[in-house]
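Work out the full structure: start from the sequences and follow the hints.
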Amino acid sequence: MKATIFNIQKFSIHDGPGIRTVVFFKGCPLHCSWCSNPESQSTHIQLTYNLSVCQHCLTCLHQCPAQAITHNQNKIHFDSKKCTLCLQCIEACPMQAIDKEGEEKAIEDIVQEVLKDVPFYEESGGGVTFSGGEFLSQPKAALDLAYQLKAHHLHLACETTGFCAHDTFKEVIAPFDLLLFDMKHHDPKKHRQYTGVSNDLIIKNLTYAIKQGKDVIARIPVIPRVNDDLTDAKEFSQLLQRIGIKRVDLLPFHQFGQNKYELLDQSYEMKDVPALHPEDLKAYQQIFLDDGLDCLL
Numbered sequence: 001m002k003a004t005i006f007n008i009q010k011f012s013i014h015d016g017p018g019i020r021t022v023v024f025f026k027g028c029p030l031h032c033s034w035c036s037n038p039e040s041q042s043t044h045i046q047l048t049y050n051l052s053v054c055q056h057c058l059t060c061l062h063q064c065p066a067q068a069i070t071h072n073q074n075k076i077h078f079d080s081k082k083c084t085l086c087l088q089c090i091e092a093c094p095m096q097a098i099d100k101e102g103e104e105k106a107i108e109d110i111v112q113e114v115l116k117d118v119p120f121y122e123e124s125g126g127g128v129t130f131s132g133g134e135f136l137s138q139p140k141a142a143l144d145l146a147y148q149l150k151a152h153h154l155h156l157a158c159e160t161t162g163f164c165a166h167d168t169f170k171e172v173i174a175p176f177d178l179l180l181f182d183m184k185h186h187d188p189k190k191h192r193q194y195t196g197v198s199n200d201l202i203i204k205n206l207t208y209a210i211k212q213g214k215d216v217i218a219r220i221p222v223i224p225r226v227n228d229d230l231t232d233a234k235e236f237s238q239l240l241q242r243i244g245i246k247r248v249d250l251l252p253f254h255q256f257g258q259n260k261y262e263l264l265d266q267s268y269e270m271k272d273v274p275a276l277h278p279e280d281l282k283a284y285q286q287i288f289l290d291d292g293l294d295c296l297l
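Using my numbering, read the sequence shown as starting at 1 and increasing by one per residue.
By construction, these hints were calculated from the structure, which means they are not laboratory data. Don't be surprised by glycine CBs; every beta carbon is placed ideally from N, CA and C. If a hint is listed, it holds; no wrong ones were tucked in.
Straight line, CA to CA, 30 Å or less: simulated DSSO-like cross-link-like pairs of lysine-lysine: (1) K246 to K170; (2) K150 to K140; (3) K10 to K150; (4) K150 to K105; (5) K140 to K10; (6) K2 to K260; (7) K260 to K116.
Label-pair distances were calculated between CB atoms; the ranges are: (8) P65 to A283: 54 to 62 Å; (9) G18 to Q212: 18 to 26 Å; (10) V118 to D215: 18 to 26 Å; (11) A174 to D290: 34 to 42 Å; (12) L296 to N74: 42 to 50 Å.
Rendered as structure tokens:
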């Protein structure tokens, strides 16, 4: 069994309790314009190009056996339909301007990498967090990895949109101790407008997790012009109370992922949108607090 991942991040302190290792799965069914990990959206391995170090020698273009590389407007471009991912362009580039995002990695190898940090988990009450992308987009690999890690008595958390078939969701979340559940919008139509999918299935899966007694923290990325109005906060609060959520984390919009879009030769729709800061969301937070929810910024 293999998983397609794009990062294994050590010593994380923001993705669950204690010191954690975060395994980032590639692939996501949602397409949020504010996504800070655009390399996570595609299930496939992708080539990246760093214009700032490129010397325009065109060695990569001449070395590509599939003729999938072009050079125009002073930039290198990859044709994903032609590219066979032979990776000869990466090897050929003298300036290391070309790289890749994602790799197929054996589950056993991921387990061995994670186990290197067991002393830190034990000391801090930490563990392993599955993230992405959306780890539920690779359910078989995720479940295999989860049970292998559980055999070592590790605390497991997952960051999830909750968007997958209900039966799959029920099976895959079984071994997890904590669900960090992203909530993009409270309104089904607006959720579809901004992410490409409705939130009906997401709410169904979230409700199931609560009924199963899972430890769940709702996380709301607060995005300008999407869900940042105080009426949105009230609607979110009422929805979470109906479901039975006790804690919600607010995640102010930032532009930390902008450079990744450039490396992937993709446009970034949010480049002119000012970032939000915790102090900007005090009134937003207060609505949840007034409704009796534990709300953190």
